[in-house]
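2 protein chains.
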Amino acid sequence: MNSLTARTPPVALNQLEAWQAAEALARRDLLAVDLLRACLDRIQAREPQVQAFVSLNADAALRLARELDAGPVRGLLHGLPFGVKDLLDTEDFPTAYGSPIYAGHQPLADAAAVALCRDAGAVMLGKTVSTELANMSPGITRNPHATGHTPGGSSSGSAAAVADGMLALALGTQTAGSLIRPAAYCGVVGFKPSHNRVSKAGVKSLSETLDTVGGFGRSVRDVALLGAVLTGDERLADPRHFDAAAAGPLRIGLCQTPDWSLADTDTRRAWDRAEKALAGSGKALQLPPEMTGLVALQKAVQAFETARSLRPEWRRHAAQLSAPLLALLEDGMRISGATHAQNLQAVARQRQLAEGLFQDHDVLLAPSTVGAAPAGIDFTGDPLFCRGWTLLGLPCIHLPFAQGQTGLPVGLQLVGRFGDDHRLLAAAHWVHQQLLGQNPALATAAPVATAATAAALAER
Amino acid sequence: MNSLTARTPPVALNQLEAWQAAEALARRDLLAVDLLRACLDRIQAREPQVQAFVSLNADAALRLARELDAGPVRGLLHGLPFGVKDLLDTEDFPTAYGSPIYAGHQPLADAAAVALCRDAGAVMLGKTVSTELANMSPGITRNPHATGHTPGGSSSGSAAAVADGMLALALGTQTAGSLIRPAAYCGVVGFKPSHNRVSKAGVKSLSETLDTVGGFGRSVRDVALLGAVLTGDERLADPRHFDAAAAGPLRIGLCQTPDWSLADTDTRRAWDRAEKALAGSGKALQLPPEMTGLVALQKAVQAFETARSLRPEWRRHAAQLSAPLLALLEDGMRISGATHAQNLQAVARQRQLAEGLFQDHDVLLAPSTVGAAPAGIDFTGDPLFCRGWTLLGLPCIHLPFAQGQTGLPVGLQLVGRFGDDHRLLAAAHWVHQQLLGQNPALATAAPVATAATAAALAER
Chain A
1 MNSLTARTPP VALNQLEAWQ AAEALARRDL LAVDLLRACL DRIQAREPQV QAFVSLNADA
61 ALRLARELDA GPVRGLLHGL PFGVKDLLDT EDFPTAYGSP IYAGHQPLAD AAAVALCRDA
121 GAVMLGKTVS TELANMSPGI TRNPHATGHT PGGSSSGSAA AVADGMLALA LGTQTAGSLI
181 RPAAYCGVVG FKPSHNRVSK AGVKSLSETL DTVGGFGRSV RDVALLGAVL TGDERLADPR
241 HFDAAAAGPL RIGLCQTPDW SLADTDTRRA WDRAEKALAG SGKALQLPPE MTGLVALQKA
301 VQAFETARSL RPEWRRHAAQ LSAPLLALLE DGMRISGATH AQNLQAVARQ RQLAEGLFQD
361 HDVLLAPSTV GAAPAGIDFT GDPLFCRGWT LLGLPCIHLP FAQGQTGLPV GLQLVGRFGD
421 DHRLLAAAHW VHQQLLGQNP ALATAAPVAT AATAAALAER
Chain B
1 MNSLTARTPP VALNQLEAWQ AAEALARRDL LAVDLLRACL DRIQAREPQV QAFVSLNADA
61 ALRLARELDA GPVRGLLHGL PFGVKDLLDT EDFPTAYGSP IYAGHQPLAD AAAVALCRDA
121 GAVMLGKTVS TELANMSPGI TRNPHATGHT PGGSSSGSAA AVADGMLALA LGTQTAGSLI
181 RPAAYCGVVG FKPSHNRVSK AGVKSLSETL DTVGGFGRSV RDVALLGAVL TGDERLADPR
241 HFDAAAAGPL RIGLCQTPDW SLADTDTRRA WDRAEKALAG SGKALQLPPE MTGLVALQKA
301 VQAFETARSL RPEWRRHAAQ LSAPLLALLE DGMRISGATH AQNLQAVARQ RQLAEGLFQD
361 HDVLLAPSTV GAAPAGIDFT GDPLFCRGWT LLGLPCIHLP FAQGQTGLPV GLQLVGRFGD
421 DHRLLAAAHW VHQQLLGQNP ALATAAPVAT AATAAALAER
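Heads up: the protein sequence lines correspond to chains A and B, in order.
Under the working numbering, the residue at position 409 of the first sequence is numbered 409, and the numbers go up by one with no gaps.
Under the working numbering, the residue at position 165 of the second sequence is numbered 165, and the numbers go up by one with no gaps.
Bear in mind the hints are in silico, worked out from the structure with no lab data behind them.
The structure displayed is predicted, hence computed values, not measured ones.
No incorrect hints appear here.
If you want the footprint, here are the derived chain A segments under chain B, 3+ residues with CB under 8 angstroms:
no.	stretch
1	189-197
2	301-311
3	337-348
4	417-425
Glycine included, every Cβ here is placed at the ideal spot set by N, Cα and C.
Construct all of the structure, not just a fragment, from the sequences and the given hints.
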């Protein structure tokens with residue numbers, strides 16, 4: 001028998017890290033259909049509480065999984081169950097962009113990112129909950145660690161489903177903090193690639209200057225696999241790069257950002273632990289004085305561009321837009337086109353200045369969120385600590401490694417140079433090891449335990 | 001009677017410049033319904049030869065025109081008939097992106113640019129022909145000056161319709177040279193705003209780094225009006241800016257580009273005339289040595305990104321893609337993601353270097369095309385002289401002012417600093433006056449004569 005499931009308890013399969021499952025699938029030590037069934041079992045058990053999905057097609061996924069098991073290995077994601085934020089078009093699932101305006105809307109084609117994952121052999125399982133048009137009005141998803149808390153947004157369902165072991169990987173997008181924040185609140189790894197490295201074709205457009213496609217996994221190597229497929233850059237998932245990062249000394253800029261005073265106790269404690277764990281590699285970094293006002297600039301660019309992009313919805317379906325979104329659109333409409341032109345020129349200058357940050361640093365460590373997931377699901381949390389990096393277009397990855405005072409996940413993000421996503425991921429792999437190693441007890445804080453993963457595969 | 005039509009021959013109305021018509025419409029010296037009827041008459045007479053439209057709704061346009069005539073002035077484009085390249089979504093017209101894959105496809109919402117024009121009071125008349133997915137395989141449109149010649153592409157129908165007096169204004173897009181080239185071949189003014197100044201929401205995505213929404217008119221002030229609506233920056237259409245440009249001495253960099261040896265006799269003669277007309281303002285400018293390889297870089301970025309963006313069509317509908325487009329996609333797929341990352345870093349550097357060009361120059365004069373429209377409609381012409389400026393994200397405007405040896409229109413483009421679209425347009429207005437004034441006989445070379453326009457309004 002060559003199926004992993006014959007020798008290990010099926011309950012653990014859905015908790016495998018994607019890269020581990022991918023290796024087992026490629027060797028045919030694991031069948032796609034078994035992995036999928038484990039995810040479906042998990043969904044059946046937990047979806048009533050978590051509510052990560054807006055639609056699901058188990059039958060189609062099972063058919064494809066059987067086909068994959070019977071055929072050649074298709075690509076880097078062969079046999080991995082994945083979900084797609086409902087902001088991305090899908091040819092075989094309705095796509096409502098989190099808005100009643102688009103209820104039941106069936107796109108003709110997949111978003112490019114979805115097509116790339118399918119071509120790489122991933123098994124599309126369903127669409128995941130987005131906030132309303134990827135803005136602040138929440139969907140129904142709850143934090144799998146504590147269902148009274150928000151999972152973050154706007155990529156709420158994708159982060160929650162991966163955190164809960166329902167999916168190996170999931171796609172999301174970030175305009176302010178919509179990948180990093182839900183990753184932080186749900187305790188998974190979230191990866192926002194460099195701006196425009198991943199095609200946005202078929203993604204509902206909000207802000208050309210900011211919108212970025214990325215995704216979630218349970219480890220750095222998971223999102224590295226996904227990132228390699230999305231960018232077409234195989235270096236992102238090349239183990240030799242991970243080894244190289246481990247070998248050479250890293251120069252990590254410890255950048256608390258000008259908003260550090262707003263970080264809460266949980267984030268401060270995580271920061272202190274990280275500083276200790278990275279002693280010898282890290283050096284405090286302050287943004288240069290000419291790089292001030294990034295958060296305000298990001299807000300203005302987002303508001304102006306979103307108001308323009310959603311103009312069709314505003315002029316025809318305003319009654320179906322939430323009050324907070326209408327308020328954002330009106331904020332955006334109050335910004336003059338002349339001011340926006342200056343803002344775009346400022347963005348270009350800031351992105352150029354950001355290059356300078358990487359002359360003496362390989363990567364930057366920075367806060368991901370103010371703290372752990374807030375209580376309640378009416379507010380998806382503050383993207384404050386993500387806005388600046390999104391504005392700069394830099395690749396970011398959230399690393400979960402700690403627990404807050406209420407037991408919810410906490411972590412920090414690592415930020416890389418524009419276009420050097422492969423270096424960021426390699427560095428993140430090493431940094432994550434240090435952070436988890438420094439606090440071994442915390443490595444299993446997430447409901448999907450990396451320890452369980454290791455045990456499952458050790459049985460082979 | 002307050003209708004212009006009562007006192008001037010209706011035949012001239014469809015040839016009015018958009019800004020002149022807009023002023024008369026706002027004063028109620030001209031009725032939207034009369035202007036529209038003049039355009040419809042022109043379409044009826046000429047569309048069998050020109051074939052600029054893929055769809056048209058005269059009844060809906062007439063209803064709206066009557067409503068506009070009976071109500072308050074809605075905005076800068078009040079009562080102006082406009083057309084939309086079939087690459088932009090429209091809620092009331094099918095949108096096929098120039099591809100049989102999307103035959104009959106009806107989007108749920110307008111593209112943002114379309115919604116903005118409608119909100120400004122423009123009267124949508126129809127969808128105009130795009131090449132296949134805005135690439136090189138031509139549509140059915142012919143050059144209105146000589147129907148055996150290409151109108152250029154990919155915004156073929158929009159340029160031809162405006163040139164032929166069927167529409168006051170039309171929307172298009174540019175990824176390589178799809179606004180400037182058809183403007184040049186059809187002898188109209190084409191305006192490509194700074195990259196990402198105009199929302200691309202609802203526009204079929206080909207290349208995030210390059211795609212830009214813009215449009216066509218019969219004068220600089222026409223596209224300025226359209227540009228003001230699309231960017232939300234009223235400075236673009238502010239007459240005070242046009243006057244200021246006329247008052248102050250302009251510093252014009254005469255930039256033949258490194259590909260000048262490929263310009264033909266028509267373009268060279270136009271260049272010589274322009275040099276004479278602008279004597280005292282112009283100074284030869286060579287791109288600095290570090291700004292080489294822009295054309296090759298643009299081609300690589302376009303091929304890679306288009307191959308990713310059209311991946312869904314390629315994997316599901318390859319049989320319905322033309323051979324040249326398939327070849328481009330395969331070229332793009334041969335470029336590695338690692339190379340593309342370096343290319344994106346190079347684009348960022350080049351855009352930064354481009355800022356330096358504007359330290360000593362207000363605007364740059366450059367070739368638009370190799371020459372006049374080539375014979376035949378199987379090839380939409382070479383975007384060679386547009387690729388570099390598109391890569392740099394700079395605003396560009398084509399100025400028609402000469403005739404080639406076969407009588408077809410020829411002109412040059414003016415290029416501005418990123419984000420300074422209003423300065424470019426003001427400068428272009430002045431430059432265009434010099435170019436036309438230097439060659440008064442050529443001012444009426446286009447089938448839509450500015451002389452006729454002036455006569456029509458002089459009757460008021």
